[in-house]
Amino acid sequence: MESITFALSKGRIAEAFLKAFDAEEALNSRKLIVQVGNIKMIMVKPVDVPTYVANGVADIGVVGRDVILESGESFYELLEFPFSKCTLSIAGFDQNINLEAPMTIATKYPKICKQYFPLSKTIYLNGSVELAPILNLSDVIFDIVETGTTLKENGLSVIKDVLSINPVLIANKSSYKFNQAQIDAVINQLNERGDL
Amino acid sequence: MKSNLLVSNQNKYAMQASLMKLYAQYGYRQVSIPACEPLATISELEKQYPSRTQVKFMDQSGEIFYLQDDPTVSVMKMLRLSSATNIEQKICYYAPTYKWGHRQLNEETQIGVETFGKDTLLHDLEIIVLAVKSLRLFTDKVMLDIGDVSFLETLLESMPFNSEQIQAIVKALPSKNMMTLKELELFQNIKSQDWDLLASLFKLFGPTEIVLENAKQLIDQITFKDEQLQVKLDTILNQIRDRSAFLKAYDLLEYTQLDFTLKPELKYYNGLVLKGFIKNCPSEVLNGGRYDQLSTEFGKANCAAGFALTLDLLMNYTEVKKMTRKNSLLLLETELSAKGIKYAEYYRQKGFEVNLRTYETEKEAIDLASKENFEKVILFGERSAKVIDIRKDNVQKMPYSTFDQYLTITDANKSIH
Numbered sequence: 001m002e003s004i005t006f007a008l009s010k011g012r013i014a015e016a017f018l019k020a021f022d023a024e025e026a027l028n029s030r031k032l033i034v035q036v037g038n039i040k041m042i043m044v045k046p047v048d049v050p051t052y053v054a055n056g057v058a059d060i061g062v063v064g065r066d067v068i069l070e071s072g073e074s075f076y077e078l079l080e081f082p083f084s085k086c087t088l089s090i091a092g093f094d095q096n097i098n099l100e101a102p103m104t105i106a107t108k109y110p111k112i113c114k115q116y117f118p119l120s121k122t123i124y125l126n127g128s129v130e131l132a133p134i135l136n137l138s139d140v141i142f143d144i145v146e147t148g149t150t151l152k153e154n155g156l157s158v159i160k161d162v163l164s165i166n167p168v169l170i171a172n173k174s175s176y177k178f179n180q181a182q183i184d185a186v187i188n189q190l191n192e193r194g195d196l
Numbered sequence: 001m002k003s004n005l006l007v008s009n010q011n012k013y014a015m016q017a018s019l020m021k022l023y024a025q026y027g028y029r030q031v032s033i034p035a036c037e038p039l040a041t042i043s044e045l046e047k048q049y050p051s052r053t054q055v056k057f058m059d060q061s062g063e064i065f066y067l068q069d070d071p072t073v074s075v076m077k078m079l080r081l082s083s084a085t086n087i088e089q090k091i092c093y094y095a096p097t098y099k100w101g102h103r104q105l106n107e108e109t110q111i112g113v114e115t116f117g118k119d120t121l122l123h124d125l126e127i128i129v130l131a132v133k134s135l136r137l138f139t140d141k142v143m144l145d146i147g148d149v150s151f152l153e154t155l156l157e158s159m160p161f162n163s164e165q166i167q168a169i170v171k172a173l174p175s176k177n178m179m180t181l182k183e184l185e186l187f188q189n190i191k192s193q194d195w196d197l198l199a200s201l202f203k204l205f206g207p208t209e210i211v212l213e214n215a216k217q218l219i220d221q222i223t224f225k226d227e228q229l230q231v232k233l234d235t236i237l238n239q240i241r242d243r244s245a246f247l248k249a250y251d252l253l254e255y256t257q258l259d260f261t262l263k264p265e266l267k268y269y270n271g272l273v274l275k276g277f278i279k280n281c282p283s284e285v286l287n288g289g290r291y292d293q294l295s296t297e298f299g300k301a302n303c304a305a306g307f308a309l310t311l312d313l314l315m316n317y318t319e320v321k322k323m324t325r326k327n328s329l330l331l332l333e334t335e336l337s338a339k340g341i342k343y344a345e346y347y348r349q350k351g352f353e354v355n356l357r358t359y360e361t362e363k364e365a366i367d368l369a370s371k372e373n374f375e376k377v378i379l380f381g382e383r384s385a386k387v388i389d390i391r392k393d394n395v396q397k398m399p400y401s402t403f404d405q406y407l408t409i410t411d412a413n414k415s416i417h
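Protein chains in written order, with full-length UniProt numbering: chain A, 1 to 196; chain B, 1 to 417.
Just so you know, these hints were derived from the structure itself, not from any lab.
Take these hints with a grain of salt, some might be off.
Straight-line Cα separation of at most 20 Å, PhoX-like style, residue types lysine-lysine; simulated pairs [said to hold, decoys possible]:
id, chain 1, residue 1, chain 2, residue 2
1, A, Lys160, A, Lys111
2, B, Lys182, A, Lys40
3, B, Lys392, B, Lys371
4, B, Lys326, B, Lys350
5, B, Lys392, B, Lys376
6, B, Lys279, B, Lys171
7, B, Lys182, A, Lys85
8, A, Lys160, B, Lys397
9, B, Lys350, B, Lys363
10, B, Lys77, B, Lys90
11, A, Lys152, A, Lys111
12, B, Lys99, B, Lys118
13, B, Lys171, A, Lys111
14, B, Lys171, A, Lys114
15, B, Lys99, B, Lys133
Label-pair distances were calculated between CB atoms; the ranges are [unchecked claim]:
id, chain 1, residue 1, chain 2, residue 2, range
16, B, Lys21, A, Ala181, 33 to 43 Å
17, B, Thr296, A, Leu32, 34 to 44 Å
18, A, Ala181, B, Leu105, 51 to 61 Å
19, A, Asn126, B, Cys36, 21 to 31 Å
20, B, Phe57, A, Asn126, 29 to 39 Å
21, B, Asn373, A, Asn126, 52 to 62 Å
22, B, Ile210, A, Met1, 21 to 31 Å
23, A, Ile134, B, Thr296, 51 to 61 Å
24, A, Ile123, B, Lys56, 22 to 32 Å
25, B, Ile210, A, Asp22, 31 to 41 Å
26, A, Asn126, B, Arg52, 43 to 53 Å
27, B, Thr296, A, Ala185, 39 to 49 Å
Covered stretches of chain B (chain A as the covering partner; in silico rule of three or more C-beta atoms under 8 Å from a C-beta of chain A) [to be verified]:
id, stretch
28, 19-25
29, 170-180
Don't be surprised by glycine CBs; every beta carbon is placed ideally from N, CA and C.
Turn these sequences into a full structure, and let the hints guide you.
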């Protein structure tokens with residue numbers, strides 16, 4: 001069977017999948033490419049997974065839905081995983097703010113933000129987005145919320161949950177047409193694990 | 001990906017020539033596509049289908065033009081100028097196209113065919129056959145996804161979902177992932193049997209016979225409020241079944257699969273939808289379908305179907321086969337002479353492509369001819385000519401009296417325009 005290339009987001013997702021494929025020893029090395037049977041796994045930055053898959057360098061990849069949506073690329077989404085579930089939410093100081101009206105939103109996800117809040121002005125920030133409303137850069141933020149601890153510690157709270165985020169197995173559409181048997185075999189193997 | 005390398009351009013020309021030859025065999029006539037046109041000529045279309053990627057510029061008089069981005073529209077405009085209605089026409093073209101993408105101007109060469117006429121089954125079949133054959137000229141690893149917008153829209157209309165839900169379903173279909181809908185407020189109160197219908201819809205892609213069977217089963221599960229919708233769906237399925245039988249007769253069915261979840265980016269498609277893929281190329285190289293409504297936008301109703309393929313992608317992901325230049329002669333002398341010039345002019349008048357050169361060794365001559373894909377090499381000696389057929393690896397030496405009548409043209413050299 002021909003080999004396929006699987007792009008994994010470095011961090012929790014790579015850990016989970018390397019364990020699932022009994023390749024845990026790779027976790028302790030700095031290797032960026034790990035061969036497991038006929039699957040070549042490449043460890044990449046989460047934001048780069050869509051790029052590798054969209055360009056066909058990786059046939060499949062696993063990354064959070066937030067990254068997929070923000071990339072703007074189109075893939076087949078073959079499997080969703082329940083772990084690392086979180087939400088993209090609007091958060092701020094004022095629980096009564098009118099979300100339908102134009103406002104200024106600070107976010108790491110300007111594309112997704114524009115889709116849900118087309119009338120609002122979006123300010124892109126690369127990190128520590130919670131600072132923006134504190135320093136009056138924005139009215140609210142649009143960001144990932146897991147436990148809500150960071151928000152709470154900065155005096156902010158969730159105003160509205162907008163989108164649920166979890167890891168998704170994506171496939172390059174063209175790759176899927178010519179490597180369907182191999183890709184389906186990976187999906188079956190993951191489904192059989194049951195712990196992902 | 002534009003290349004200025006001579007070799008790349010020669011390869012591109014070779015691919016282009018192969019494709020044009022294929023379309024000519026099916027009766028398609030080549031037309032020229034303008035590089036730019038006044039925006040005013042497509043103002044109504046622009047309002048309906050505004051483009052974010054179109055490259056526009058202003059001339060000195062203040063008139064706005066756009067660089068060619070969709071040759072199909074230019075072809076439609078050409079037909080509008082014709083006084084005939086219900087035109088039967090088969091047209092092919094190649095054209096550089098321009099779009100804004102990723103903060104830069106992208107130029108790509110598109111090659112396409114358009115067919116106009118009433119017999120939609122025949123034309124749809126021919127378009128599919130040509131789409132597959134176009135890609136198979138360069139590689140065997142080909143897959144053509146075939147959808148039907150009319151079938152999808154009628155199916156959605158028959159299902160128990162409101163227009164907002166249908167919009168969300170259509171948005172999710174390209175990813176083949178129904179799970180995204182479960183997160184939406186719109187779908188919180190959906191009955192489980194309706195989720196089953198959606199699950200079946202999202203799986204309507206794959207080998208033709210299996211998808212046709214699954215589509216039939218899905219139709220049987222729906223409770224129709226309007227019988228006419230069921231009749232329409234059954235009719236479309238039967239047409240697709242018939243067409244697939246003909247595709248099998250062409251031995252091309254294995255290179256196609258049905259995908260009823262396909263929704264084209266351009267809204268003017270109203271029936272057949274095509275997306276062509278080749279192995280190792282990360283995106284589709286071919287797009288097409290049926291767009292009867294588009295000609296209506298130009299004020300003349302006409303059944304129309306076609307496709308365009310991106311030659312640059314095809315070139316980057318396939319190997320270009322070496323093309324012998326038919327009826328091409330390399331005439332070689334040790335020193336330029338009146339005799340060489342006379343023979344060169346004589347064979348050019350007969351319709352051959354002739355290159356007259358001097359040479360030092362026979363090996364050098366044959367190497368040059370092979371590299372440049374000449375059909376034959378002729379070495380002029382004092383009393384005889386040596387004719388070397390590169391393709392057949394055949395050498396003949398003959399006196400000039402015999403040589404004068406030896407070469408005949410096999411077909412006329414055709415113009416590339």
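Okay, the hints, checked on the actual structure:
no. : hint                            : in the structure
1   : A/Lys160 / A/Lys111             : 18 Å, holds
2   : B/Lys182 / A/Lys40              : 33 Å, violated
3   : B/Lys392 / B/Lys371             : 16 Å, holds
4   : B/Lys326 / B/Lys350             : 14 Å, holds
5   : B/Lys392 / B/Lys376             : 9 Å, holds
6   : B/Lys279 / B/Lys171             : 26 Å, violated
7   : B/Lys182 / A/Lys85              : 15 Å, holds
8   : A/Lys160 / B/Lys397             : 89 Å, violated
9   : B/Lys350 / B/Lys363             : 28 Å, violated
10  : B/Lys77 / B/Lys90               : 15 Å, holds
11  : A/Lys152 / A/Lys111             : 26 Å, violated
12  : B/Lys99 / B/Lys118              : 33 Å, violated
13  : B/Lys171 / A/Lys111             : 16 Å, holds
14  : B/Lys171 / A/Lys114             : 16 Å, holds
15  : B/Lys99 / B/Lys133              : 27 Å, violated
16  : B/Lys21 / A/Ala181: 33 to 43 Å  : 36 Å, holds
17  : B/Thr296 / A/Leu32: 34 to 44 Å  : 55 Å, violated
18  : A/Ala181 / B/Leu105: 51 to 61 Å : 40 Å, violated
19  : A/Asn126 / B/Cys36: 21 to 31 Å  : 40 Å, violated
20  : B/Phe57 / A/Asn126: 29 to 39 Å  : 35 Å, holds
21  : B/Asn373 / A/Asn126: 52 to 62 Å : 54 Å, holds
22  : B/Ile210 / A/Met1: 21 to 31 Å   : 22 Å, holds
23  : A/Ile134 / B/Thr296: 51 to 61 Å : 57 Å, holds
24  : A/Ile123 / B/Lys56: 22 to 32 Å  : 29 Å, holds
25  : B/Ile210 / A/Asp22: 31 to 41 Å  : 34 Å, holds
26  : A/Asn126 / B/Arg52: 43 to 53 Å  : 26 Å, violated
27  : B/Thr296 / A/Ala185: 39 to 49 Å : 48 Å, holds
28  : 19-25                           : violated (count 0)
29  : 170-180                         : holds (count 6)
Hints 2, 6, 8, 9, 11, 12, 15, 17, 18, 19, 26 and 28, counting from the list given before, are not met by this structure.
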